[in-house]
Amino acid sequence: MSQRKLVITQNLDQDLFEKIKETVPDWDVIAGKDSSVWKDHLNDAEIIAGWKKEVKQYGIDQDSNLKWLQSWSAGVDRFPLEELHAKDIFLTTASGVHAYPISETIFALMLGLTRKIHTYVRNQQSKTWHHAHLSLEMHGKTVGIIGAGAIGKETAKIAKAFGMKVIGIRHSNILEESFDEMYTTSSLNSILPECDYIIVTTPLTDETYHLFGNEQFQLMKESSFFINIGRGEIAVEEELVHALETGSIAGAGLDVFEKEPLADQSPLWNLENVIITPHTAGSTEHYDTRVIEDIFIPNLKHYLQEGVPKINLVDFKKGY
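Per our numbering, the very first residue in the sequence shown carries number 6; after that it's consecutive.
These are computed hints drawn from the structure, not numbers from a lab. Some hints here could point you the wrong way.
Ranges between beta-carbon positions, derived for each pair [what the hints assert, rightly or not]:
| id | residue 1 | residue 2 | range |
| --- | --- | --- | --- |
| 1 | ARG127 | VAL313 | 49 to 55 Å |
| 2 | ALA137 | VAL313 | 52 to 58 Å |
| 3 | GLU59 | ALA91 | 16 to 22 Å |
| 4 | TRP134 | TYR188 | 43 to 49 Å |
| 5 | GLU87 | VAL313 | 17 to 23 Å |
| 6 | GLU88 | GLY145 | 29 to 35 Å |
| 7 | ASP68 | ALA166 | 49 to 55 Å |
| 8 | VAL42 | LEU139 | 51 to 57 Å |
| 9 | HIS138 | GLU181 | 33 to 39 Å |
DSBU-like cross-link-like pairs, simulated, lysine-lysine; straight-line CA separation at most 30 Å [what the hints assert, rightly or not]:
| id | residue 1 | residue 2 |
| --- | --- | --- |
| 10 | LYS58 | LYS306 |
| 11 | LYS121 | LYS92 |
| 12 | LYS226 | LYS58 |
| 13 | LYS315 | LYS24 |
| 14 | LYS92 | LYS323 |
| 15 | LYS170 | LYS226 |
| 16 | LYS92 | LYS72 |
Quick reminder that beta carbons are idealized off the backbone N, C-alpha and C, glycines included.
The whole structure should be built from the sequences, with the hints applied where relevant.
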């Protein structure tokens, strides 16, 4: 019987690599970011951790030994979900890894926009001493969180420290801790006029594609801010630009865009009421450790015992 094989398309610290080897001591484990390390092993691998375009070519499109694919990201909207489903290949995500860093980014954007930190940074470049008409504060305001997964829950928890009212929108209306109210997506428009901040943390699915457009931005307060760390395609970008340019909303903090990198000619770059981050909200010094220790190794142990990973197993019908 040939040796079972695990491929990890990422560079790992030696201690994390050893922890994986301890879990599957009889397996052949290949790890490294350079494709030359793992490319020739994809077709034989029973488990692949980390998505690369070659995985589709050699591990999915061809007849292969692949049984389980572990994503290094939380979102899997760009994965070949239909092919994975058709071949009965398990797919698990890195959902939960991002809760701390992304919630920190969300509040950095909210506070930056509210307290005009972005304006003051610009003024600093030209040595301009100007009040910039600063007047808003966050305490006691209402925030609408679109998506109540790990990121949404952590964001709601922090919002309560600011004494905020927290309204959630999710696939079901089951109330979660730190949320004051919870509604399904069909009720989105009804909550928008109440919110001072809208935070998009939901994954991209058929249901959430272009969830925000002219209609939604017109329903929001002129003093409200739109924060998107989910996926750029959840908002119609051209209509978001229009809302920002015409004052339908006060500003936006954006980490994701319909096309990335954001094109040089995008008007978003030059809008003074926008803070842009280059899809880095989830970056953290602890990323690999959380993926391996909190998700992958527990899943690996369950897979060895039960034949299926348990944590963050994608429901192909839902798309996440």
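How the hints compare with the structure:
1. ARG127 - VAL313: 49 to 55 Å: Roughly 52 Å apart at Cβ, these two residues keep to the hinted range, so it holds.
2. ALA137 - VAL313: 52 to 58 Å: Cβ of ALA137 to Cβ of VAL313: about 55 Å, so the range 52 to 58 Å holds.
3. GLU59 - ALA91: 16 to 22 Å: Since the Cβ atoms of GLU59 and ALA91 sit about 20 Å apart, the hinted range of 16 to 22 Å holds.
4. TRP134 - TYR188: 43 to 49 Å: holds (45 Å)
5. GLU87 - VAL313: 17 to 23 Å: At 20 Å between Cβs, range holds.
6. GLU88 - GLY145: 29 to 35 Å: violated (49 Å)
7. ASP68 - ALA166: 49 to 55 Å: holds (53 Å)
8. VAL42 - LEU139: 51 to 57 Å: holds (52 Å)
9. HIS138 - GLU181: 33 to 39 Å: At roughly 37 Å between Cβ atoms, GLU181 and HIS138 fall inside 33 to 39 Å, so the hint holds.
10. LYS58 - LYS306: With Cα atoms ~27 Å apart, LYS58 and LYS306 stay inside 30 Å; holds.
11. LYS121 - LYS92: It is violated: about 51 Å lies between the C-alpha atoms, which goes past 30 Å.
12. LYS226 - LYS58: violated (42 Å)
13. LYS315 - LYS24: holds (19 Å)
14. LYS92 - LYS323: The given pair, whose Cα atoms are some 17 Å apart, holds under the 30 Å limit.
15. LYS170 - LYS226: Holds, because 16 Å separates the two Cα atoms, which is no more than 30 Å.
16. LYS92 - LYS72: The given pair, whose Cα atoms are some 9 Å apart, holds under the 30 Å limit.
In this structure, the earlier hints numbered 6, 11 and 12 are contradicted, and the remaining ones agree with it.
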